[in-house]
Structure formats: C-alpha cells, structure tokens
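K.L.:
If you're matching them up, the sequences are chains A and B in order.
At the far end of the first sequence sits residue 330, using this note's numbering, and the numbering has no gaps.
At the far end of the second sequence sits residue 666, using this note's numbering, and the numbering has no gaps.
If you are wondering where the hints come from, they were derived from the structure by calculation, not from laboratory data.
Given the structure is predicted, the values throughout are model-derived calculations rather than measurements.
Every residue, glycine too, gets a C-beta built ideally from N, C-alpha and C.
Be aware that a few hints might be false.
What the hints assert, rightly or not - Chain A residues, not near chain B, derived (Cβ > 10 angstroms throughout):
#1 G185
#2 K205
#3 T217
#4 K261
#5 L330
Claimed, not checked - DSBU-like cross-link-like pairs, simulated, lysine-lysine; straight-line CA separation at most 30 angstroms:
#6 K656/B / K320/A
#7 K264/A / K588/B
#8 K658/B / K246/A
#9 K231/A / K587/B
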Amino acid sequence: MSSVDLAIVGFGRIGRIHAENILSMQGANLKIIVDPILDIDEGLKRRGIQQSKNIADLFSLQKIDGVIICSPSNYHVEQIKELSKATKNIFCEKPLGLSIKEIMEVKSLVDSKNLNLHVGFNRRFDPDFSSLKLSIVSGDIGDLHMIKIISRDPYPPPISYVEKSGGMFLDMTIHDFDMVKYLSGVEISEIYAKGDCFIDPEIKKANDIDTAIINMTLKNGILATINNSRKAVYGYDQRIEVLGSKGTMIVGNKLLHGVRKGTKDGFTSANPKNFFIDRYKESYQIEIADFIRSTSGETVDHANVDDGLHALKIGLAANKSLLKNKPIQL
Amino acid sequence: MKKTKINIGIVGLGRIGKMHAKNICQSLPLFNLKSIADPDPNTDFTQNLEDVVISDNIDNVLSDKTITAVIVCSPTPTHYEIIKKCVMQKKHVFCEKPISFSEDEIKELITIKNKQNIFIQVGLNRRFDQDFLVAKEKMDSRALGDIHTIHITNHDASIPSFKFLKSSGGMLFDLCIHDFDMLNFLTGEKIKEIYVNGGVFIDKRLRDIDDVDNAIITLELENGVLCLIDSSRQTHYGYDQRIELFGSKGMILVENKKDNLYSLSDSNQTKSSKIKHSFIERYRESYLNELKHFYNSIVSNTTPSVGPENILSAIQVAEAGRQSLKTKRPQGVKYE
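Excised from the complex, chain B in its bound form (with noise of 0.2 angstroms):
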C-alpha cells in the first residue's frame, strides 16, 4: 500500500527546531518539509536542505495551501498566536510543550482546534520513549501488583543560560512538566496533591526571580499513590532520567544511558563513561516516534493520543506547585 506523503512546515529553528527538521529529513520519509519559518534562520544549517522554502515570515508557512501541518518549535511565549494562526488555516499542529504558561490561553485553543475539527499534538516526547513505554505494558499488566511509590529522577546535566532560564517560566514549568504529565500518563491518576521544597545552590540569581535549581516534590495521585520527583539543573554527570516504580509484586527501574559502553578497568579504579548528556541524545527515539504517531493520527484522522488537554492538567499541576513552594504547604491541584 503506498503511504500518503504529508507536506509539514517548521516555525522556530532554534535547538529543537533543528532536530525535528533533521529527523524529518533523514528519517521519516512520509513527511516532505516544504517550509521553514524563523525571524533569524541560521545558514550554516538551512543551505544543507533542499527544497526547503526559508523565510523570515511566518505567513509563507500560513499561505502554503499544499501544506497540511506545522510543528511548531518557536519560544513559548509565541506558541498561542502562531498555533491559532495554524489552526485557523486548518493546518494540524504539532507544538513543543508547554504550548502556553495560561491555561486560559491553552483552553481557548481546545475551543477552537474542536471547532475547527483539527488536531494539536504536544511534545511530551518521553510518551514514546521505548524505555518507559515497557515500564508502563508491564505495570499495566499488573507485573508489580498494585502500585505504592512512584520516583522520577530528572537532573539536568547542565545549566542553561540565565535568559533562557527567565523566560523558561521556572524550573516547575520548564523542567518538571514533563514529570508531571509522565505520573499521569503512567498511572492514568491524575494528581491530587503537590508540595515542592527547592532550593538554589547553583544560580543564586534565580533567587531574585523567585524560581529554584533544585528541588525535591512530593505529589500524592488522585487514588492515594505516593510520588516523588527529584530534579536539578546540573548534574556535571549527564542527564540523569530514571523512573522506579514499586509495588505489592515488585519494582521497576529504568536506568540512565551511557554515552558509550566501555569501562576501563586500571590499578586504580574502574571507568566507564558519563551518561547521555542532552535530550536531544537520551530521548532520540521518543523524538522520532512522536511525529511517528503525529503522521498517523493526521491520516487515519484520529485524535493524536497527546494534546493541549494533557499539558493543560500538567501546568495546573505546576500551577500548584508554585503555590506551594511559596507558601512552603502542600497544595491541592485545581482542574477547572
């Protein structure tokens, strides 16, 4: 059967914009990348791709009737204008969290993506890593009894720049988001309860900006599971991302991935590599799989299995956790 070939648009070619451009381009030939937008498109990578329409303008994007998507990697703070854009051109969207630090904003763009009959899917990539695709059919098929404990470590292996951080809307909105929406697409629970304790040991800037670089979270889920997140800016070691999941029957680990599989064993000690230092690297194959599944929600006309209704619950999740980290209480998560 000969596969439909989707034409797609990028809007942002920052970091992320790239890969998706590039995995698009050597590895998922069912998309054909006709366009790219960014108000400062960088050459060095845009003159290796072919075909390709680059503008500074968006609206090139917009106007192009042959295009039926657009994966959109601009700054969060665009997100809203730039995805109505889409949606009212009828262009399926696929949008990097967190879409928008409103829920307002992000409910609006429900309203209208349902009106529209359009899809938004959202980048919660770590749904498709394989690893914890496993940790969740084993769960499910009951492998650990009932579920006690749930912890995710999540560490960053490097700090990023002071302005990315200001704009980042903070390490909870930033950073933890995807923690949040990984207990409720693990669990199916939604999260009942958070309380943050944090701390800045590494930027003291961040103190001025009310935001932390560390931080411990105890979250309790809607049927009584009792969770932890860990999670820091800098490790030094590599992006340390692990889950463990224990229960009545047992636990499950998923462990970090090294950057290379040697050790070296000398009169001394015994070396073996850091772990994988970026997204970009760990999540590989989340990255791929994720517009994987966008394709084929686009042409089996289904509903993407991830939207703006999941990243909605896990800001009002952050929401709370904002909450509590300046009162120093647990608070429960509001879903209106």
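If we strip away everything but chain A, and leave its shape as in the complex, we get (with noise of 0.2 angstroms):
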C-alpha cells in the first residue's frame, strides 16, 4: 500500500486525538494542520508536520489523498464544498450540517463529484458496538423488538460550548439517534422527546437541556428509547441492550480498572471510564485507519452522508417534539 498524505482541518480537541492515532499508524502521513487559531505545537513541528493558520496552505500542497475536518460544526458545510477541491477523500466530524438544506446540498456534491465521504459517528467503530451489530445481523436473539440506550456524560461542557452546540440533541444525542439506526439498520420514523434542565440553570438560560428521555418507533415498527444526562458523577454512562424474539444482548460500561474490592462495609468496583476519550479510544483509531484505507481505494463500512442526514433530521424533529410536548412523525 503506497503511503497517503493527510490534513487535518479545526485542530480542538478531537483534532488531536486523530492527528495522534494517524501519526501511530503505519501507511499514512499527516502533511499539514489548518486552524485560523492555531498555538503552534513544537512536538509537531519537530515532526515535520505543517502547521498553519491560512487554508490557502493546504491547497499549495502537491498531494492531498484525504482531509479531516474537525473544526467547529458550523464550518462543517463551506468546508466540505471548498475541500472537495483538493480531495474526493474527506473525513467531517459530527454533526455534518446543522440544517437539513446544507446536508442537501453535501449530498449532491457527493452525487455529482463521487466523494468519498465519512461522518464522525465514531461509535460505530467501538468493538463492543460493532460485535452487537454483527450478533443482532446474525440472527442471535432473532427478529429486534426493542432498543435501550443509555448515554449519559460526567459533566457538562462549558456554557459558551452549549450555546453554540446546536443543543444536547443535535450535538450529544445525535450519537444514539445514529446508534439506533446502525444497529437496526432502519431510520427513525416517529419521535417523542421530553427533556429537563436539572443540572445547571445556565444550561436553561441557554435555551437547552440537560436531561432527556427520547422515545421512538422505527420504520419497520421496532421501539427505541434513549436516556440521557449531561452530568453522571460516577462517569462516562454508555449501555446499551437489545430485545430480540429469542433474547436480549446487553453491552454495560467499561470500567476504570478490573479491580473489585470486598471489606466490612461491602463491595466495591470502580467507576466507568471518564469520559469518551477513554471509553471510546479505539473507535476512534479503528475509523481513522479506516478511512485511510478507503483513501486508497479499499471499501469499508462507515457513516456516510445519508446517515448524516439521518440523524440530523432525527435530532431536529427532537427539538420540535421537545417545544411541541407531542410525538413527530418523520
């Protein structure tokens, strides 16, 4: 496999944990970062890898076989249409748009200029996930009836963060709304979401929430639900379970450590992983080296516009069902 050269655009804090893991993996060389707020990082620097504050940089390149972008999800859009220049390659965080217009309009540059699009729906990578979507493909607990997600972070972003998230749903939720189309393989037909700010009033004078519980019926009539808190104190809360015609498959948390402590006061284990850095770790190497090996001309499974779409469109009927107090049809 001949070696790709990579960009990564927006250099926050996702921005780094794939420009680490590319730098780890064999076949694949990250050529240049772009970010307008760019502190130069000397350990990069001193790697060879380009650092700049102006896009005009990249396009002076020779080569560009794939480009990441990671910058602020309002960006998303207006880059993807001035990347496609460089690449046919392009690998764009979640969410892809934050309106359904935008997407329409990546999905016929798409169309019409065949590219190669990945959506950051890293949890499609995560071993325990992909292992539950190949038992429930084969059949292991029969036809799907129902789908339990609960999806909760340790703590809240900053206020400034949320005010420019689009809302938990669109920037949070979003995740499970694709999780529950990547498990069943249907989309979202109907939605009812009811929602609270429990946890801090200046997330509510942000005009958002803290607290969800999402409930929903799927084209083919399979029910879902998703349960979600900006703030466990105990940590990172990520399950999942399924019920099947012949069973129930069940994936909990992954813990801090294994250690189980038993004393007078009675036992112990330890928390969940932190946060999704930690619990998520190596879906987010497992996309990245996947969508290097797409750039060569290998076909992988992976999120793409459509689904960008999805679960755009999901999100937003969440906001409108969560002012309305009624159930969306899609």
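With the hints in hand, could you dock these two chains into one complex?
P.N.:
Take a look at the structure:
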C-alpha cells in the first residue's frame, strides 16, 4: 500500500486525537494541520508536520489524499465544499451540518463529484457495538423488538460551548440517534422527546436542556428509547440493550479498572471510564484507520452523508417534539 | 407476648391463590387458614391442606363468623362483588390487584370500607420487595441528591395464553400497573403525564383487541421527574425486573435475581444461569411481607399502607395510557 498524505482542518480536542492516531499508524503521513486560531505545537513541528492558520497552505501542497475536518460544526459544510476541490476523500466530524438544506447541498456534491465522505460517528467502530451489530445481523436474538440506549456524560460542557452546540440533541444525542440506525439498519420514523434542565440553570439560560428521555418508533415498527444526562457523577455511562424474539444482548460500561474490593462495608468496583476519549479510544483509531484504507481505494463500512442527514433530521425532530410536547412523525 | 391468631379464608385458588395458601400454611403461623372457596378447586392441591374447609361456594367463607379476614384471588371481574360481600360481613380484605378495571367500582369500595370501618389491602406486592425498599430508603435519605430520572424495566418471561390476555384488561392494566404504582411508591409523587409507544411482536391476535405486547412508556411526575418504563410480555431469559434511579449525586440500580449463582467457563464462553422465571419466584419475600403487613394492620387496627386508593391512582394512569396509545399523544392523568 502506498502511503497516503492527510490534512487535518480544525485542531481542537478531537483534531488532536485524530492527529495522534494518524501519527501512530503505518501507511499514512500527516502533512498539514490548519486552524485559524492555532498555537504552534513544537512537538509536531519537530516531526515535520506543517501547521498553518491559512487554508491556502493546504491547497498549495502538491498532493493531499484525504482531509479530516474537525472544525466547529457551523463550518463543516462550507469546508467540505471548499476542500472537495483538493481531494475526494473527506472525513468530517459529526454533526455533518446544522441544517437539512446544508446537508442536502453536501449530498448533491457527494453525488456529482463522487466524494468518499465519512461522517465521524465513531461509536459505530467501538468493538463492543460492532460485535453487537454483528450478532444482531446474524440473528442471535431473532427479530429485533426493542433498542434501549443509556448515554450520559460525566459533566456538561462549558456554557460557551453549549451556546453554539445546536443543543443537546444535535450535539450529544445525535450519536445515539445514529446508533439506533446503525444497530437496526432502519431509520427512525417517529420520535417523542421529553427533557428538562436539572443540572445547571445556566444551561437553561442558554435555551438548552441537560436531561432527556426519548421514545421512538423505527420504520419497521421496532421500539427504541434513549436516556440522556449531561452529568452522571459516577462517570461516562454508556450502555445498550437490545431485545429480540429470542432473547437479549447487553453492552455494559467499560470500567476504569477491573479491581473489585470487598470489606466489612461491602463490595466496591471502579466507576466507568471518565469520558469519550477514554471510553471510545479504540473506535477513534479504527474509524481513522478505515478512512485511510478507503482513501487508497478499499471499500470499508462507514457512516455516510445519508446517515449524517438522518441523524440531523431526527435531532431537529427531537427539538420540535420537546417544544410542542408531542410525537413528531418523519 | 402471645400473638393473636387470625382466622383467614381464601377466595379463588388459581396460581396466586395457591401461593398465598402455601405461604400461610408453611411460613405465616399467625394466620390460621380456615376456609377456601373456588368454583373448581384443585384437589391435588387441597388434599394436602389439613383442617381447611374446601368448598365451591364463597358463602361458606363469608358465613364463618370466626373468619376475620379474606384473601381474594379470584379473576379480576369478580373482585368487586366479592369484596363488597366481605366488607358487608365485616371481614377485612386482602385483594389481588387490580381490584377492578372500573374507577367507579373502586371508589364505591373505598366508601363502603370506610363506612364499615374495614381494611382493604391491595396486592401491590412489589412495595414489599426488600431490594426496592432499600432503594427507596437510600433515595429518601438523599443518597442520590435530587432525582432526575427513574427507569423501570418490567418484562415477563413468557407470554400468557391469549384467553388470559383477553381478560387481563390489557398490558397497561395488567403488567404495567405495578410500575405506575412503583413510581408513586418510590417518590411519593403522582404521575402527571403519560405517553405510551407500543407494538405487537409476539402474539399478532393482540392487534384485534387493541392491545400490545411491547411498550416504551414516557412519564412525567408532578414534581417534574422524568420516567421511563420498558415492558414486554416475553423475554425467554426470565422475568426482567430492574429499577434505575438517577440523580444529581449518583445512581441506584436494582438488578435481576438469578436462578442460581454458578457460572461455567469453557474454551468458548462463560455461561451463567437465567434470571428468575416468574413473579412468584422473583418476588417471593414480598408476598410473605405483604401478608405480614396485613396481619399487623389488623391486630394493631391501623390502615394498611397500600389500599384501593393506590390502585385507583394506578388505574387512572393506565387509563390515560390507553388513551395515549389510541391517540398517539401524551395524555395528562385525570385524578378525580
């Protein structure tokens, strides 16, 4: 396999994760990192990675095989359009865009330019969830009846982030909406979202919620639910259960360590891993490795523009449902 | 101190009636089981009972002046008439849920028992489950801080016969009624609003009688706490009974009980047992505890902690749930 040359656009927390993963992999060169508010990283500089505040520097490179977009969500679509002039292999973090119109523009671009667009729904690449999916598809529990997702963050993001995040459903729950589609292979057709602000009144001031219970039906009648909180004091709570005509499958939390302690006060075990960077570490490695393989022409499973569109549509419908306190059909 | 013995009768000797009879004879010596009435008593079962009058006529229980309390385990549609007769005969009543599907009948029974100064305890046994009681105690001591969400999982192991399903009042009235009551029991709050999303996956005939066999239910309590119930009629792996309480300071999980505690690991996998299969096995202690409570209420002359008022509220939630299932809209619960 010839080595592929990659660029990262947007160098925040998630951009750094992708950079580190690419640097640890064979067969890929991280050529350039572009971010308008970049602080030059001396370590990366020493490793010969160009860092620039100006995207023009990316375009002046002789060869770019793939771009990874990790900028704030409101820049995604604009940058996909622009960067598609440099390469047809684009990996974009979720959410793909913040409006349906925007994503439809991306969709027609994908079609007309034959773009290889991957959306960063990393949880699809988590080994537990991909095993779960495989077992569902293999019919281990017969026909699927119900999907139950518990998805709780350990602490809310800063208010400045909440204000521009598009709201909890588009920022956080969007992963869970995609997980429902990924596991079942079917889109959501109806959603009833109930939520409130229990954790921090500042979140309410920012016109958002921090707790939600979501009740859904899929196009083939399967029932699904998502239980969200922005703050579980015991850690990043990520569990999935599926029920089918022959039984159930359960994915529990990954714990900080495996030690169980028993004393006169009872037994204790470790809490779940702290946050997504720890819990989903492998998924970030696998999704980028797969993206790299696909830039060199291999076919890999990945979330595409239709998946990005589906998740956004459901997120917007959830917002509407919350506002009107009634189920929304899609 | 010598404890008073209470003479008791049982009306209805189906699965739960037999269980109560067995519990009393084997584990509750404070009750003296004197008389059982059932239109078709199972002789294999009754022949092992000593000194118990077995008959096919309820009047034989009612006319026995030495009997001070009756356990009603007959099919739900017969409860109302039987309870009324017992109360008029000044006998305390322990009745299996849901007493009646009619709010008016339950209200009438409340009026009569108050007038007659008689107790009616309702078999909402899960209130007496030790695990749920510990969870409630921890929650009440604010171990979780403010409660944000409550999630109840309530799945039967295997679907009952269609004949039973038809007479059960439907999944909301038969199965989920326990969950509606549990939310009230745990929090002390009433349910303000309910939305039921249901589906038929197991027995297609349920479609013809407007019932479902799987449901995800969203509820809001009067204090704003958000709740979720997921329920189905058939799991295969056992009776799935879990509660998750989530609050500002943490989470409480009440997990399932397994049939046994062994696990076997071989070169392929580690295998452990199914979870308890039926309500009788899973909630064994609660059935004993509820009757102990019934006994204590009678001898101390204090109203039992769970009565027709509680089942009335739960029925009102189930009724709003039925409307929600029909209209596909959240419904406010009407308590009148």
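K.L.:
All hints, please: hold or fail.
P.N.:
Now for the hints, and whether the structure bears them out:
no., hint, in the structure
1, G185, "holds (17 angstroms)"
2, K205, "holds (18 angstroms)"
3, T217, "violated (6 angstroms)"
4, K261, "holds (18 angstroms)"
5, L330, "holds (14 angstroms)"
6, K656/B / K320/A, "holds (22 angstroms)"
7, K264/A / K588/B, "holds (24 angstroms)"
8, K658/B / K246/A, "holds (28 angstroms)"
9, K231/A / K587/B, "holds (29 angstroms)"
Taken one by one, the earlier hints fail for this structure only at number 3.
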